[in-house]
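> Sequence:
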Amino acid sequence: MKYLILIPIALLLVLGGCENNSGATQDGDKLATSSGSTAPLKPSANTDEPLKGHIGRPGLYRLVRSGGVINDPTTGTGKSVIKPVVEMVKSTERIPLIKGGQMYLQYRIWPLPALPAHVDLRRVVKHPRMTLPDGSYSTGSDRTIKGKVVSNQVIAYTGYGLDEDYELVEGDWIFEIWYQGKKVIEQKFTTHQPSKEELAKLKPILALGNRAVGQSEPSKKPFSKRDWPRIMVGAGGVAVPDTAEAPNKP
1 MKYLILIPIA LLLVLGGCEN NSGATQDGDK LATSSGSTAP LKPSANTDEP LKGHIGRPGL
61 YRLVRSGGVI NDPTTGTGKS VIKPVVEMVK STERIPLIKG GQMYLQYRIW PLPALPAHVD
121 LRRVVKHPRM TLPDGSYSTG SDRTIKGKVV SNQVIAYTGY GLDEDYELVE GDWIFEIWYQ
181 GKKVIEQKFT THQPSKEELA KLKPILALGN RAVGQSEPSK KPFSKRDWPR IMVGAGGVAV
241 PDTAEAPNKP
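Note that full-length UniProt numbering gives residue 241 to position 241 of the sequence shown, counting from 1, and the numbers run on in steps of one.
Rather than coming from a laboratory, the hints here were simulated on the basis of the structure.
We put the beta carbon where it would ideally sit given N, CA and C, even for glycine.
Please note that a few of the clues may not be correct.
[To be verified] Cross-link-like lysine-lysine pairs, in silico, BS3-like; alpha carbons within 30 Å at most:
id	residue 1	residue 2
1	Lys201	Lys126
2	Lys83	Lys126
3	Lys146	Lys126
4	Lys146	Lys52
5	Lys99	Lys83
6	Lys79	Lys126
7	Lys203	Lys90
8	Lys201	Lys90
9	Lys188	Lys146
[What the hints assert, rightly or not] Per label pair, the in silico range of CB-to-CB distance:
id	residue 1	residue 2	range
10	Ala114	Ser195	47 to 57 Å
11	Ala114	Glu198	44 to 54 Å
12	Lys52	Thr131	37 to 47 Å
13	Pro113	Ala200	44 to 54 Å
14	His54	Ser195	24 to 34 Å
15	Gly56	Leu115	17 to 27 Å
16	Asp165	Arg94	17 to 27 Å
Build the full structure now, drawing on both the sequences and the hints.
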């Protein structure tokens with residue numbers, strides 16, 4: 001399942017523009033650095049420059065809480081988690097197959113025209129074949145998402161949560177973001193069976209995500225913008241609506 005991001009309080013990160021799988025912004029003039037300090041964004045004066053893409057913070061995350069599970073026929077698995085909040089466990093491209101684990105990355109695309117305020121992005125996810133409960137198969141998804149343009153760029157998160165037994169499949173997961181027919185972001189994660197030591201260390205940490213999803217109740221209500229993910233920023237826990245993409249399963 002797809003979620004968004006809790007920014008760990010220790011980092012006090014401010015996002016200029018995230019996914020999921022996301023595009024929320026609290027302060028459009030600042031972009032968080034890995035040290036937790038902020039640096040001013042420098043909007044490009046020349047949007048005729050070649051389009052660029054940058055990936056940051058790829059890794060293993062865990063779900064802290066969510067607003068529940070809804071049935072969503074637009075996703076590959078038929079389910080979505082609404083109002084998710086997650087936090088990073090460690091920076092890595094190797095994801096252990098443990099229920100509750102989330103693989104996520106931040107991406108930045110620039111330079112973009114200042115207007116329109118939102119642009120259409122194509123999000124492609126390719127993953128190992130999984131057998132769904134109804135007997136059908138899923139190998140990924142291809143859908144259009146919205147990216148919020150701040151200071152001539154989109155900064156967002158995207159990812160996937162391993163919350164069901166049928167999702168625990170080994171192999172490569174490819175996340176791509178396209179803009180106007182050009183692929184600007186590509187990130188590969190590799191899922192693997194954890195060692196006994198890795199399982200013992202990570203299972204208690206990721207178990208929080210299992211409880212957060214398990215306490216949710218399926219719903220048939222239609223998706224709305226109020227269900228978009230939230231980014232938690234700063235010690236005060238300020239919730240910022242995310243507008244880059246809706247929570248979903250690839």
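> Can you name, in rising order, the numbers of the hints this structure does not satisfy?
The structure breaks none of the hints.
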